[in-house]
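Start from the sequences and build out the full structure, keeping to the hints where you can.
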Amino acid sequence: MSDQKIVEKLKAKFSSEVLDVVVYRGETTVTVKKEQIVDICTFMRDKLGYNLLCDLCGVDYMGKEPRFMVVYNLYNITTKQRIRIKAPVTEEDASIDTVSTVWGTANWHERECWDLMGITFNNHPDLRRILMPADWEGHPLRKDYPLQGPDREPYQGRLS
Amino acid sequence: MAVNNTETMTINMGPQHPSTHGVLQLILELDGEIVVKATPHIGFLHRGIEKLSEHRTYHQTIPLTDRLDYLAPMSNNLGYVLAVEKLLGMTDEIPERVQRIRVIMAELTRLKSHLVWLACHALDIGAMTVFLYCFRERENITDIYEKVSGARMTSNYFRVGGLSADLPDGLEQEIRTFAESMPAHIEEYEGLLTGNRIWQKRTIGVGKISAEAAIDIGITGPALRASGVDWDLRRDNPYSGYEDYDFEVPVREGCDTFDRYKVRLDEMRQASRIILQALDKLKPGPILADCPKIVLPNKQDVVNNIESLIHHFKIVTEGFKPEPGEIYQSVEAPKGELGFYLISDGSSHPFRMKIRPPSFVNLQGLPQMVEGRLLADVIAVIGTLDIVLGEIDR
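Chains W and X are the protein sequences, given in the same order. If you read the first sequence in my numbering, its first letter stands for residue 1, the second for the next number, and so on. If you read the second sequence in my numbering, its first letter stands for residue 1, the second for the next number, and so on.
Please note: incorrect hints may appear among the correct ones.
Mimicking DSBU-like on lysine-lysine, the simulated pairs with C-alpha atoms at most 30 angstroms apart in a straight line are [unchecked claim]:
no., chain 1, residue 1, chain 2, residue 2
1, X, 262, W, 80
2, W, 143, X, 321
3, X, 314, W, 143
4, X, 281, X, 299
5, X, 208, W, 80
6, W, 64, W, 33
7, X, 299, W, 143
8, X, 293, W, 143
9, X, 321, W, 86
10, W, 86, W, 9
11, W, 86, X, 51
12, W, 33, X, 51
13, W, 80, X, 293
14, W, 47, X, 208
15, W, 64, X, 51
16, W, 64, X, 321
17, X, 262, X, 208
Don't read these hints as lab results, they were simulated from the structure.
Structure below.
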């Protein structure tokens with residue numbers, strides 16, 4: 001089944017949820033609203049065969065509205081196809097439902113996303129910091145977080 | 001006075017413990033010798049590579065990728081440069097010689113990584129000799145690394161669009177001799193371990209994980225293939241010319257530590273085959289793509305003509321600027337699927353680089369593989385998962 005057909009099936013099922021479809025360098029990216037993300041992901045896994053969640057991450061588009069994007073890179077081990085789902089998340093309500101009930105692997109990815117990007121995952125079983133120390137303040141991968149860390153003078157040399 | 005004590009005991013393993021392969025900390029809740037609950041704690045080696053890359057040009061990020069899985073630096077380099085090339089849309093312009101050399105180095109890297117895995121895994125379980133044997137062969141690969149890149153571990157050899165240098169004279173023959181000798185060495189390791197009753201008792205049936213559970217938790221690479229899932233990115237989503245080579249993807253159904261051991265040994269045999277085929281197909285040719293705005297020009301041209309000088313100046317001071325867009329590129333690294341998700345906003349720095357490290361995801365499967373088993377099995381399972389903390393913590 002081609003990517004186009006998969007997108008059509010997704011659109012047929014969730015017509016009001018799909019915001020945008022982009023094909024770039026042969027990769028299909030579908031942007032969806034965040035409200036029904038668990039249903040969409042369950043549909044992708046059960047009906048369209050995307051049984052492996054390769055990667056989940058947050059992206060900070062500071063200055064744009066909505067500010068964050070949660071990205072799901074999916075893979076179908078049977079047909080060897082990839083697809084990408086993205087869901088926008090606003091700064092005021094930086095939260096989205098967890099998909100760790102759909103793919104167990106999302107557990108640690110979501111912890112990392114919360115730790116580094118500050119996006120909360122509702123109903124997550126174990127939302128703790130994972131890479132930074134437990135008492136760390138702030139979320140280092142946000143664009144407004146200084147590269148040198150919070151309590152150091154900015155580096156004056158060239159970092160190009 | 002008879003006391004029937006049923007309390008569990010919580011013990012701490014790592015982060016300074018040789019069998020946790022780096023700085024992994026495990027909090028183990030024990031009922032006698034049985035593990036009731038295992039909680040991994042990671043992040044002790046976090047260096048913020050993803051954050052750093054947002055402040056460096058695309059080329060300046062290559063050395064950072066060496067420091068992910070430091071036992072397999074060239075696989076990381078390969079994944080990253082392929083991702084940038086895909087972002088730039090220049091995948092088809094990579095010269096044939098470059099692709100062949102990349103495959104040779106990537107497969108040598110697979111051997112290198114698997115050798116360290118076998119050495120440490122066997123040592124953890126108590127087989128000392130294998131460690132010395134494996135490091136003897138690994139030394140040859142580090143020597144080859146040193147000859148091509150100048151560094152024994154952090155190679156930084158691949159470039160966007162090609163390689164930093166061609167293979168030095170005589171090295172092709174050296175690689176060939178090594179790859180031809182490798183199957184016999186693998187027989188040696190098998191002779192020490194496969195039929196060994198202690199090894200069998202420590203590995204067969206230990207750390208079982210079914211195919212469904214493994215896919216759910218995201219396990220990839222040899223660990224997934226030992227659970228009966230026939231999937232290898234080199235064959236199924238080929239990159240860098242892997243479709244030209246004739247190799248088998250070893251798959252086993254046992255789902256346990258022993259079968260993961262067998263799958264990795266078979267992979268090493270296949271890696272030697274691929275290296276020999278690539279050497280047969282290797283022909284002289286350019287080692288950089290003909291893309292003057294991306295690839296640094298020949299030094300001779302820089303001093304002799306103005307155009308090359310300008311390109312050189314622009315690439316060094318600014319770097320190249322891919323069009324806005326986003327791509328995901330993954331390679332079959334020795335430990336599993338290594339993915340790079342790159343977003344460009346049109347500037348000369350990655351807007352966002354997300355690394356999908358195989359060890360990070362595979363480690364997540366550890367609790368369900370050890371819970372209900374003996375404490376000693378934890379050591380075997382850490383070994384069989386083949387984790388590297390540099391990659392997990394980034």
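Status of each hint after checking the structure:
1. X/262 to W/80: Given that 30 angstroms is the threshold and the Cα spacing comes to 25 angstroms, the pair holds.
2. W/143 to X/321: This hinted pair holds, its Cα atoms lying about 20 angstroms apart.
3. X/314 to W/143: Given that 30 angstroms is the threshold and the Cα spacing comes to 26 angstroms, the pair holds.
4. X/281 to X/299: holds (29 angstroms)
5. X/208 to W/80: holds (25 angstroms)
6. W/64 to W/33: holds (17 angstroms)
7. X/299 to W/143: violated (37 angstroms)
8. X/293 to W/143: holds (29 angstroms)
9. X/321 to W/86: The hint holds at about 24 angstroms.
10. W/86 to W/9: holds (17 angstroms)
11. W/86 to X/51: Roughly 21 angstroms between the alpha carbons, so the hint for residue 86 of chain W and residue 51 of chain X holds.
12. W/33 to X/51: Holds, at about 27 angstroms.
13. W/80 to X/293: violated (34 angstroms)
14. W/47 to X/208: holds (28 angstroms)
15. W/64 to X/51: Satisfied, since the Cα-Cα distance of roughly 20 angstroms is no more than 30 angstroms.
16. W/64 to X/321: Between residue 64 of chain W and residue 321 of chain X the Cα gap is close to 21 angstroms, so the pair holds against 30 angstroms.
17. X/262 to X/208: Roughly 15 angstroms between the alpha carbons, so the hint for residue 262 of chain X and residue 208 of chain X holds.
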